[in-house]
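**Q** Please construct the entire structure, taking both the sequences and the accompanying hints into account.
Top line first, the protein sequences correspond to chains A and B.
317 is the number that numbering that gives the first Met the number 0 gives the last residue of the first sequence; the numbers go up by one with no jumps.
339 is the number that numbering that gives the first Met the number 0 gives the last residue of the second sequence; the numbers go up by one with no jumps.
Keep in mind that the hints were calculated from the coordinates and are not lab data.
Fair warning: there could be bad hints in the mix.
Unchecked claim - Partial pick of chain B residues on the chain A-facing surface, computed with a CB cut under 8 Å: (1) Gly69; (2) Gly72; (3) Val75; (4) Val80; (5) Gly81; (6) Asn103; (7) Ala116; (8) Pro172; (9) Asn173; (10) Pro198.
C-beta: ideal position from N, C-alpha, C; glycine also.
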Amino acid sequence: MRDYTQPLEALETMLRIRAFDEKVDELFAAGKMHGTGHFYVGQEAVAVGIISALQEGDVITGTHRGHGHALAFGLDVKKMAAELLGKASGYCHGKGGSMHIADVGAGMLGANGIVAGSMGIVCGAAWAFKRRKEDRVAVCFFGDGAVQEGIFSEALNMAAVWQLPVVFVCENNQYAMSLSVNRGFANARISEKADGYGMPGVTVDGMELVEVQEVAREAVDRARSGGGPALLEANTYRYLGHSKSDANLYRTRDEIKQWRENDPIGRFVVHLEKTGDLESGGLKAVEEKIYTEVEEAFEWAMNEPEPAPESALEDVYA
Amino acid sequence: MPEENNNAAREITYREAVREAMQLAMRSDESVFLMGEDVGVYGGAFGVSRGMVEEFGEERVVDTPLSEAGFTGLGVGAALVGMRPIIEVQFSDFITHCMDQLVNQAAKLRYMFGGEASVPLVVRTPGGAGTGAAAQHSQSLEAWFIHVPGLKVIMPSTPYDAKGMLLAALKDPNPVIVYEHKLLYNQKGNVPEGEYTVPLGEAHVSREGEDVTIASAGYVHGYALEAAEALAESGIECEVVDLRSLSPMDDARVAESIEKTGRLVVVEEDVKTAGWGAELVSRIVEGESFYALDRAPARVAGADVPIPYNKNLEAHIRPSPEKVVAAVKSLVNEKVGVYS
Ligand SMILES: Cc1ncc(C[n+]2csc(CCOP(=O)(O)OP(=O)(O)O)c2C)c(N)n1
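**A** Right, dumping it as structure tokens:
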């Protein structure tokens, strides 16, 4: 797992997530990648902010928009690139792709292509930790759309009844594909739902890393010390379309522009300049390093061998 | 491994056999736990877990909220981090609520993750008709799950197998769905004390015969045996094969029997269309044993209708020993082709 005690690490990871998905977008456009991908660009402060409150042994589940969660958790850029390209050396040996990257041994219990599909799973991990008296926390990332699914209610209720060490993190990026939260909810204040299940609910500015970190620390510490689950709602925005094939007809350029002006990386850079952790103009060097790292990772992955066709018949049963 | 009939084992019910398997597994393995609706003090809707919460406590025999999808998902997650969950779905009909968790999560995670994880989850669920409980509490949905690679599906028909197969399922690294039958819970049979396993995926010949092979599984395996008994009086000797496991399916054992008998009748409780019998018959006719068949195979299955409430209507659309007898007789009495 990545260690965020150095503030520059958080900056680097946000940049890594952005560079990674920009590269993926580029490869799709160039016809060099198949399947589909859901981009995390714009939401970087949420994954990095939440995961910086975790420690070794904690687990997370991702979503269909999972590259950011995986990278923030510390998964390897090269192995992720290889997986997206369907290569044998990818995390899932070419069987999972963008929506299923996992490193279960390390605690990344998988991105999930089914909206809300991991909300029960995360309760299971937390339930096991509690029962075995382990000092571990499980975090579940999901979108605003997932809140509308039935299992959301089941999972929050179970976690609250049993006081499981779970932190539910709703990344409210304002849309579920084309459905805006205002059209999808009669009450769009998602964190208020926590009250109905008997757990704390907090809304945080998901474009502000430091605030996300603070809120996350409180929720994670409470969960770890037996205080039970919490529901965090991070308001954020995805700059790019829902997936590579989205024509973006349901939102305006102006709206996108406004959110971009509120960029989480830009804001964190200002913060770092204030604290003295980054010299003015120092961003350029960090960017160069990370973009090169990502570029090289994909270059390496491109040249990796394809999995053997027969391997398609393996791994169905243990 | 103890044999089914040659020991002086006690007679206990199917219900007790299932319970005993759970108790033994939980005593020897801290990671095993039981979870479901009313499995605690209530003892489960069919009394299978009666007394277990007293021994193991609420931490390991867990009453859940009414959240079939949620707690099945919980089982998947707990299995992923090293636990051995047994999830009880109160009536198999409610397993429709668990479909995403079983089909998209439990069955797929290992494959999607490139073999880097496994989900040792056991799902127990009472299925089947014959209780007059009408369409939403009587279904046999087991065939749905054999269509999903990554799951194992078993349907023990005797107390002996119920215990041995559940213990095997609890040692298996894959998700296993155990289809129990409500009408089996009170049936008694010989069951050895202590731990033993019956391998998943192996059929069992429960009666030997020369004339016709009857393949069945679950509660209606009893109908096959009853029919075989009745047919023996009119001189027709049936070989009865209890598949026990639907996925993996031991069609090789059925094929072996057909080499001897030349005739096949499948007896299944689920609806006929796309039932597991259709799969078994396909495997037989596309394999070498096609040439061993003297007749086209026959299926005795549930009618393609929901289960009706009225007892007479229900009986009308379900398999019965009489229907099995009729199917066997028609195969035996059919005129033999000129060349055979
Ligand atoms: C159960 C299910 N329903 C629908 C979809 C198709 N789908 C994929 S992502 C998505 C929108 C999800 O929105 P949200 O949960 O807010 O996450 P976001 O994409 O905004 O990150 C939909 C409808 C799916 N993958 N799974």
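**Q** Now look at each hint and say whether the structure bears it out.
**A** Evaluation of the provided hints:
Among the interface hints, the one on Gly69/B holds; its C-beta lies about 3 Å from the nearest C-beta in chain A, closer than the 8 Å criterion. Of the supplied interface hints, the one on Gly72/B holds, with its beta-carbon coming within about 2 Å of a beta-carbon of chain A, less than 8 Å. Against a cut-off of 8 Å between C-beta atoms, the interface hint on Val75/B holds, since the closest Cβ of chain A lies about 5 Å away. Interface restraint check for Val80/B: the shortest CB-CB distance to chain A comes to about 5 Å, inside 8 Å, so the restraint holds.
With 8 Å as the threshold, the beta carbon of Gly81/B comes within range of chain A, its nearest partner Cβ sitting at about 7 Å, so the hint holds. With its C-beta approaching chain A no nearer than about 5 Å, Asn103/B sits inside the 8 Å limit, and its interface hint holds. At its closest, the beta carbon of Ala116/B sits 4 Å from a beta carbon of chain A; the interface hint therefore holds under the 8 Å criterion. At about 4 Å, the closest approach between the beta carbon of Pro172/B and any beta carbon in chain A falls short of 8 Å, and the interface hint on this residue holds.
Because the closest C-beta pair between Asn173/B and chain A is about 5 Å apart, less than 8 Å, the hint holds. With a least beta-carbon distance of about 14 Å to chain A, the hint placing Pro198/B at the interface is violated under the 8 Å criterion.
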